[in-house]
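**Student:** Quick note on our numbering: the sequence shown kicks off at 1450 and runs consecutively.
There may be inaccurate statements among the hints.
Stated by the list, open to error - Result set (BS3-like, lysine-lysine): computed pairs, CA atoms no more than 30 Å apart in a straight line:
id	residue 1	residue 2
1	K1943	K1504
2	K1504	K1493
3	K1709	K1796
4	K1504	K1700
5	K1928	K1866
6	K1919	K1538
7	K1666	K1491
8	K1877	K1928
9	K1866	K1771
10	K1700	K1648
11	K1910	K1538
Claimed, not checked - Beta-carbon label-pair distances, calculated as ranges:
id	residue 1	residue 2	range
12	K1491	N1872	58 to 66 Å
13	I1804	T1718	30 to 38 Å
14	S1735	K1922	18 to 26 Å
15	N1872	E1643	31 to 39 Å
16	Q1836	A1868	13 to 21 Å
17	A1722	N1765	19 to 27 Å
18	A1722	E1643	42 to 50 Å
19	N1872	T1927	52 to 60 Å
20	N1737	G1809	27 to 35 Å
21	I1804	D1724	24 to 32 Å
22	F1808	A1722	40 to 48 Å
23	P1523	N1578	50 to 58 Å
24	S1858	E1583	35 to 43 Å
It should be emphasised that the hints constitute simulated quantities derived from the structure, not laboratory data. Even for Gly, the Cβ is constructed at its ideal location relative to N, Cα and C.
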Amino acid sequence: MKTIKFNQYIGIIIFIFMGTCGTGCKKFLEHGPDLRTQLNSKEKLAQLLTSAYPKADYLAFTELSSDNVEDKGPATYYSLGGSEPSFVKNYMFEDFVSGSQEAQGSTDFYWAACYKAIASANLALDYINKHPNERDLLPYKGEALVARAYAHFMLVSLYAKTFAPGGANNSMGVPYVTEVEKVVQGSYQRGTVEGIYQKIEQDLTEGLPLIDNSIYKVPKYHFTTNAANAFAARFYLFKGEFDKVIASAAKVLTGDTQTKGLLRPWNTTYINATDDAFNIMFTQSSQNSNLLIGESSSLWARNFYIRYGMGNYARNTILEGKNISGGSYTYRGNQYIYPLITTNKFKELFFESKIGSGFGQPYVMVPLLTADELLMNRAEAYVQSNQYDLALKDINLFLSTRIRNYNASTNEVTLAKIATYYNTQDQKQGLINTILDLKRAEFMQEGLRWFDLNRYGLTIKHTLVDENNKLIKTLELTKDDPRRVFQLPQPVKKAGLELNPR
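Can you build the whole structure from these sequences, using the hints too?
**Tutor:** Structure below.
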């Protein structure tokens, strides 16, 4: 294995994952990443941990690689600047190769952001471990461990083969970084997917009991107990340990009335809101459903300005067509001027580099973990545990908050209705189909569909059309296509890390 040589203390985090990315990373280095001489109080520790969450989003590249998108045809008004080439590559199932990691929404950008977050978590843990008698630091240790687990989980879920419950899982993982780099050379390896999952679980199980919500000024921006348990439920769902999914969810969803109050109010607050009001409130911390919110340097709020994206099929078929309940969703599929279509979920915010200059960095707030996903994850765990009645109960509770003019007598989902709708007598498969379809509609433009497609090995098709909307070509990703694993940034190859097969 090659040794990586460099002169920055954070080692592979800065030099390999960010140090080759141009001016933006130069600015990061200029702001002094070595905080060891400055980190000398609980207050500074808390401040450091605000950077232990990825400041980039996966929404663009996972959504545009999924089956939620289509070619809306050539036009002159598609423009997202420097990020657009990355988006096109995603739709074409091609790797985005760039000399810069600054393209917002790209796989390279997210990779770098995750390892930057991990570096902050490790620096915090290093400080805490050097002060073993300071018991008031333990909640911060809990946050740092869970944040480190989350960043590595997202990395292994995107840049390595999907974990197969009961499988060998001996394919390449991602570097699991647990130490602050203190030497001028370090060695890193990808390990295996199985090994990475073991380390994630170790961090998660050690960190979660230490979390104390009272230390946070704005809890929704941190791993609270609810957010950490929601993450645990997602992790164990991917791992195939369904009893642990149910147990984790039970710590957040404690009863029907309480759970309903945590779900997005599509049939009440949202349906009565103006487009502008909805656009603002969806990602706010005041929304009960949002369990963890992340700040992301991103152009994703402008997603309707791209050729390959949400179109008429998603709006008319997935969102506005009749669904398993026999009713219609309350979801929004806004159209400005065809084909500019969006769910209107994300409000672009802006950091000005200089007040009044008009120049700066666009960003969005991203719901990273929600009660709605948690409920559907529990429903899936119930199905996989052969507890069909409990799965149906969760499914119908979910639907009661998002079917227009919901009426239990006509909209309740039953096994018989599922069998008819999906034309299958396989009750388990019918329930899984139901959950995947409900999640697909609920999380449109939120990037989560990609993970379900990979977990179940579903074929993904993208169409290419001409100016008359005539089909030119169909692109396809089958179950075992290596392109279902996103490529690592090219610079890591120079550091001795093996790229994903193509």
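**Student:** Evaluate each hint against the coordinates.
**Tutor:** Consistency of the hints with the structure:
1. K1943 <-> K1504: holds, 25 Å
2. K1504 <-> K1493: holds, 19 Å
3. K1709 <-> K1796: holds, 25 Å
4. K1504 <-> K1700: holds, 28 Å
5. K1928 <-> K1866: Status holds; Cα separation ~29 Å.
6. K1919 <-> K1538: Given that 30 Å is the threshold and the Cα spacing comes to 21 Å, the pair holds.
7. K1666 <-> K1491: Judged against 30 Å, a Cα distance of about 14 Å means the pair holds.
8. K1877 <-> K1928: Given that 30 Å is the threshold and the Cα spacing comes to 20 Å, the pair holds.
9. K1866 <-> K1771: holds, 13 Å
10. K1700 <-> K1648: holds, 23 Å
11. K1910 <-> K1538: Roughly 15 Å separates the two Cα atoms, so the pair holds.
12. K1491 <-> N1872: 58 to 66 Å: holds, 60 Å
13. I1804 <-> T1718: 30 to 38 Å: Because 34 Å falls inside the window, the suggested range holds.
14. S1735 <-> K1922: 18 to 26 Å: 45 Å Cβ-Cβ, so the 18 to 26 Å window is violated.
15. N1872 <-> E1643: 31 to 39 Å: Cβ of N1872 to Cβ of E1643: about 37 Å, so the range 31 to 39 Å holds.
16. Q1836 <-> A1868: 13 to 21 Å: For Q1836 and A1868 the Cβ distance comes to about 18 Å; the hint holds.
17. A1722 <-> N1765: 19 to 27 Å: holds, 22 Å
18. A1722 <-> E1643: 42 to 50 Å: Given about 46 Å between the Cβ atoms, the range holds.
19. N1872 <-> T1927: 52 to 60 Å: This hint is violated: roughly 23 Å between Cβ atoms.
20. N1737 <-> G1809: 27 to 35 Å: Taking Cβ atoms as reference, N1737 and G1809 lie about 31 Å apart, which means the hint holds.
21. I1804 <-> D1724: 24 to 32 Å: holds, 29 Å
22. F1808 <-> A1722: 40 to 48 Å: At roughly 32 Å between Cβ atoms, A1722 and F1808 fall outside 40 to 48 Å, so the hint is violated.
23. P1523 <-> N1578: 50 to 58 Å: This hint holds: roughly 57 Å between Cβ atoms.
24. S1858 <-> E1583: 35 to 43 Å: With Cβ atoms ~59 Å apart, the hint is violated.
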